[in-house]
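Chains as they are written, first to last, in my numbering: chain A, 2 to 116; chain B, 30 to 140.
These aren't lab readings, by the way, just hints derived from the structure by calculation. Misleading hints may appear alongside valid ones.
[To be verified] Pairs of lysine-lysine, DSBU-like flavour, derived with a Cα cap of 35 Å:
id: 1; chain 1: B; residue 1: Lys112; chain 2: A; residue 2: Lys58
id: 2; chain 1: B; residue 1: Lys112; chain 2: A; residue 2: Lys6
id: 3; chain 1: A; residue 1: Lys6; chain 2: B; residue 2: Lys71
id: 4; chain 1: A; residue 1: Lys69; chain 2: B; residue 2: Lys86
id: 5; chain 1: A; residue 1: Lys58; chain 2: B; residue 2: Lys86
id: 6; chain 1: A; residue 1: Lys72; chain 2: B; residue 2: Lys86
id: 7; chain 1: A; residue 1: Lys43; chain 2: B; residue 2: Lys107
id: 8; chain 1: A; residue 1: Lys58; chain 2: B; residue 2: Lys71
id: 9; chain 1: A; residue 1: Lys72; chain 2: B; residue 2: Lys71
id: 10; chain 1: A; residue 1: Lys72; chain 2: A; residue 2: Lys58
id: 11; chain 1: B; residue 1: Lys71; chain 2: A; residue 2: Lys69
id: 12; chain 1: B; residue 1: Lys107; chain 2: A; residue 2: Lys16
id: 13; chain 1: B; residue 1: Lys71; chain 2: A; residue 2: Lys59
id: 14; chain 1: B; residue 1: Lys107; chain 2: A; residue 2: Lys6
id: 15; chain 1: A; residue 1: Lys69; chain 2: A; residue 2: Lys59
id: 16; chain 1: A; residue 1: Lys43; chain 2: A; residue 2: Lys58
id: 17; chain 1: A; residue 1: Lys59; chain 2: B; residue 2: Lys86
id: 18; chain 1: A; residue 1: Lys16; chain 2: B; residue 2: Lys112
id: 19; chain 1: B; residue 1: Lys86; chain 2: A; residue 2: Lys6
id: 20; chain 1: B; residue 1: Lys107; chain 2: A; residue 2: Lys69
[As the list claims (entries may be wrong)] Short, incomplete list of chain A residues facing chain B, as computed with Cβ under 8 Å:
id: 21; residue: Phe40
id: 22; residue: Lys43
id: 23; residue: Ser86
id: 24; residue: Phe90
id: 25; residue: Ser100
id: 26; residue: Tyr101
id: 27; residue: Lys103
id: 28; residue: Leu104
id: 29; residue: Gln108
In this text, all values refer to a predicted model and were calculated from it rather than measured experimentally. Idealized CB from N, CA, C, for every residue including glycine.
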Amino acid sequence: QQQVKQSPQSLIVQKGGISIINCAYENTAFDYFPWYQQFPGKGPALLIAIRPDVSEKKEGRFTISFNKSAKQFSLHIMDSQPGDSATYFCAANPAGGTSYGKLTFGQGTILTVHP
Amino acid sequence: EPEVTQTPSHQVTQMGQEVILRCVPISNHLYFYWYRQILGQKVEFLVSFYNNEISEKSEIFDDQFSVERPDGSNFTLKIRSTKLEDSAMYFCASLLYNEQFFGPGTRLTVL
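Input sequences plus hints: build the corresponding full structure.
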């Protein structure tokens with residue numbers, strides 16, 4: 002029940018294309034859903050995050066779509082650039098209590114954007 | 030811009046030895062975490078720390094692991110007797126208003 006399932010495992014898109022990464026969760030106590038971007042040899046960097054009271058959040062070229070009833074959320078990268086090539090992780094954590102901030106990560110998606 | 034820092038960047042140790050991984054969280058953050066990432070795998074939660082005590086720990090965080098905040102700035106993870114399977118990247122993170130920021134990690138290699 003604690004798992005976050007992420008797909009696809011890897012994704013190749015052309016420059017200017019749209020990259021879409023999907024995640025699904027089971028734990029209804031999850032209340033915060035961030036996406037992290039990780040470059041080789043670096044720590045995960047917070048990209049964008051959403052709470053379940055909204056269905057979509059957009060920041061620049063990055064958009065999270067959230068479907069609470071289906072317990073699914075996705076990251077859309079518009080106008081993908083070679084510099085976006087990285088590993089992307091979805092994550093989720095509960096609202097509070099002793100598990101506050103305890104992130105459960107998806108398996109990661111290796112995105113390659115070809116010039 | 031404030032950031033989480035970690036030292037060392039790479040630690041090589043012999044099986045059975047003790048290691049201490051160090052972190053300096055962002056100064057006004059109150060919640061601290063350790064995660065690990067085995068090569069090519071997802072990031073896994075180890076332990077959370079608030080108000081000078083452990084809030085929650087995973088099943089990975091057994092008696093060989095301990096955390097400490099010895100002063101107002103440092104946050105350490107100690108592995109008492111390292112095993113080969115402890116080889117991984119270890120990330121420290123700190124949190125404010127739900128936003129969790131990760132350090133660059135320490136690569137631990139156990140030989």
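Right, here's what the structure says about each hint:
no.	hint	verdict
1	B:Lys112 - A:Lys58	violated, 43 Å
2	B:Lys112 - A:Lys6	holds, 29 Å
3	A:Lys6 - B:Lys71	holds, 11 Å
4	A:Lys69 - B:Lys86	holds, 28 Å
5	A:Lys58 - B:Lys86	holds, 31 Å
6	A:Lys72 - B:Lys86	holds, 25 Å
7	A:Lys43 - B:Lys107	holds, 21 Å
8	A:Lys58 - B:Lys71	holds, 25 Å
9	A:Lys72 - B:Lys71	holds, 20 Å
10	A:Lys72 - A:Lys58	holds, 16 Å
11	B:Lys71 - A:Lys69	holds, 24 Å
12	B:Lys107 - A:Lys16	violated, 44 Å
13	B:Lys71 - A:Lys59	holds, 25 Å
14	B:Lys107 - A:Lys6	holds, 31 Å
15	A:Lys69 - A:Lys59	holds, 17 Å
16	A:Lys43 - A:Lys58	holds, 26 Å
17	A:Lys59 - B:Lys86	holds, 33 Å
18	A:Lys16 - B:Lys112	violated, 44 Å
19	B:Lys86 - A:Lys6	holds, 22 Å
20	B:Lys107 - A:Lys69	violated, 39 Å
21	Phe40	violated, 10 Å
22	Lys43	holds, 6 Å
23	Ser86	violated, 17 Å
24	Phe90	holds, 6 Å
25	Ser100	holds, 6 Å
26	Tyr101	holds, 7 Å
27	Lys103	holds, 5 Å
28	Leu104	holds, 6 Å
29	Gln108	holds, 5 Å
In this structure, the hints that do not hold are numbers 1, 12, 18, 20, 21, 23, in rising order.
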